[in-house]
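A.B. asks: Sequence:
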Amino acid sequence: MLFLDFSSAFNHIIPEILVQKLSHLGLSTPICLWIKDFLTNRPQSVRLGPHLSSTITLSTGSPQGCVLSPLLFTLYTSDCSPTHLSNTIIKFADDTTVVGLISRGDESDYREEVNRLTEWCSVNNLQLNTTKTKELILDFRKGRADPAPLYIHGNRVERVHSMRFLGVQISDDLSWTANTTAVVKKVQQRLHFLRVLRRNNLEERLLVTFYRATIESILTYGITTWYAGCSAADRKVLQRVINTAQKITGCSLPSLEVIANSRYLNRAGNIIKDHSHPSNQLFELLPSGRR
1 MLFLDFSSAF
11 NHIIPEILVQ
21 KLSHLGLSTP
31 ICLWIKDFLT
41 NRPQSVRLGP
51 HLSSTITLST
61 GSPQGCVLSP
71 LLFTLYTSDC
81 SPTHLSNTII
91 KFADDTTVVG
101 LISRGDESDY
111 REEVNRLTEW
121 CSVNNLQLNT
131 TKTKELILDF
141 RKGRADPAPL
151 YIHGNRVERV
161 HSMRFLGVQI
171 SDDLSWTANT
181 TAVVKKVQQR
191 LHFLRVLRRN
201 NLEERLLVTF
211 YRATIESILT
221 YGITTWYAGC
231 SAADRKVLQR
241 VINTAQKITG
251 CSLPSLEVIA
261 NSRYLNRAGN
271 IIKDHSHPSN
281 QLFELLPSGR
291 R
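Sequential numbering from 1 applies to the sequence shown in full-length UniProt numbering.
The set of hints was computed from the structure by calculation and includes no laboratory data. Among the hints, erroneous ones may be present.
Computed cross-link-like contacts, SDA-like style, restricted to lysine to any residue with a CA-CA straight-line distance of at most 20 Å [said to hold, decoys possible]:
1) Lys132 x Ser103
2) Lys91 x Thr225
3) Lys134 x Arg104
4) Lys134 x Leu101
5) Lys185 x Trp226
6) Lys185 x Asn200
7) Lys236 x Gln169
8) Lys91 x Gly143
Label pairs and their in silico Cβ distance ranges [to be verified]:
9) Val160 x Ser59: 50 to 58 Å
10) Lys273 x Ala232: 31 to 39 Å
11) His51 x Ser8: 34 to 42 Å
12) Gly143 x Pro63: 25 to 33 Å
13) Leu33 x Gln239: 50 to 58 Å
14) Arg164 x Ser103: 43 to 51 Å
15) Ile90 x Gln44: 48 to 56 Å
16) Leu71 x Thr29: 17 to 25 Å
17) Gln44 x Arg212: 33 to 41 Å
18) Thr29 x Phe92: 26 to 34 Å
19) Thr55 x Tyr151: 15 to 23 Å
Note that CB positions come from ideal geometry on N, CA and C, so glycine has one too.
Turn these sequences into a full structure, and let the hints guide you.
C.D. replies: Listed below in structure tokens is the structure:
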């Protein structure tokens, strides 16, 4: 798995290239021209206290903080797709990951995909930050040898044992210990704030609201992804946080298992209702006599 990092991704969008891609996707000419007009000749200045810098005009990139920017970048990279069936490119706004399935030690398709993606970035004015780009290898073969290092623009890509992907820590041993450690570390400070609020006699209802907003939301982020594969030891560590919060608030709080089961059911229900979902057919009843 190669986790790509773009340098100031939104700032490198070329409006003319974007308009060409939008037109190819079937958007009408008026919409394409409106987006081009929105991105070109944008005045920009910086205010620091009472001081205001001189104004410059920008005709590249998409405004930072604009709700359209992630969508425009997604459309800008819509033609970035794998050329080999053994490779998959996962994109979420400016987070891009190349997943390659290597069989019999043949890495040629994977490395060719990386080279092609690098060339695509150059053509589309996107700059890869090789310092922040990381590679993670999942290999459970006995007596495996370390693969040759990967280079991008002459720079060696760092190989890591775990990587944060869309808010969840993925480890090369497919355990969730690193994710558990990161989550618990993050909620410890929130538990301190919860204690402070308790000492200041905040009513229980508001304590529970604070817990759910700042602690439970972190504990259960992506729970439908990692809970089933989480070890008993990691589950105990996470449940211990809930138990501590329960003592502080003085209220009964749902356990990690209860939350996970509820999220599983909700997720399954949403998939069943969405006939366009790739997993929808998995919930169809088998013909009579088949199991």
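A.B. asks: It remains to establish, for every hint, whether it holds in the given structure.
C.D. replies: Against the structure, the hints:
1. The straight-line distance between the Cα atoms of Lys132 and Ser103 is roughly 27 Å, outside the 20 Å bound, and the hint therefore fails.
2. As the CA atoms of Lys91 and Thr225 are separated by approximately 18 Å, the hinted pair is consistent with the 20 Å bound.
3. At most 20 Å may separate the alpha-carbon atoms for a hinted pair to count; Lys134 and Arg104 exceed this at roughly 23 Å.
4. A distance of roughly 17 Å separates the Cα atoms of Lys134 and Leu101; the hinted pair therefore holds under the 20 Å criterion.
5. For the given pair, Lys185 sits about 17 Å from Trp226 by alpha-carbon distance, which is consistent with the 20 Å threshold.
6. Taken as a hint, the Lys185 and Asn200 pair is broken in the structure, with Cα atoms around 24 Å apart against an allowance of 20 Å.
7. For the suggested pair Lys236 and Gln169, the alpha carbons sit about 18 Å apart, so the restraint of at most 20 Å is met.
8. Among the hinted pairs, Lys91 with Gly143 is inconsistent with the structure: their alpha-carbon atoms are about 33 Å apart, more than 20 Å.
9. Between Val160 and Ser59 the beta carbons are some 38 Å apart, a value that contradicts the proposed interval 50 to 58 Å.
10. Taking the beta carbon of each, Lys273 and Ala232 are about 33 Å apart, inside 31 to 39 Å as hinted.
11. For His51 paired with Ser8, a C-beta distance near 24 Å fails the hint of 34 to 42 Å.
12. Look at Gly143 against Pro63: about 53 Å separates their beta carbons, and that is not inside 25 to 33 Å.
13. Checked against the given bound of 50 to 58 Å, the beta carbons of Leu33 and Gln239, roughly 56 Å apart, stay inside it.
14. Arg164 and Ser103 have their C-beta atoms about 28 Å apart, which leaves the hinted 43 to 51 Å range violated.
15. The supplied range of 48 to 56 Å is broken by Ile90 and Gln44, whose beta-carbon atoms lie about 32 Å from each other.
16. Range check, Leu71 to Thr29: Cβ separation about 19 Å, and the 17 to 25 Å hint holds.
17. At roughly 39 Å, the beta carbons of Gln44 and Arg212 sit within the given window of 33 to 41 Å.
18. A beta carbon spacing of about 29 Å between Thr29 and Phe92 agrees with the range 26 to 34 Å that was offered as a hint.
19. Range check, Thr55 to Tyr151: about 42 Å between beta-carbon atoms, so the 15 to 23 Å window is missed.
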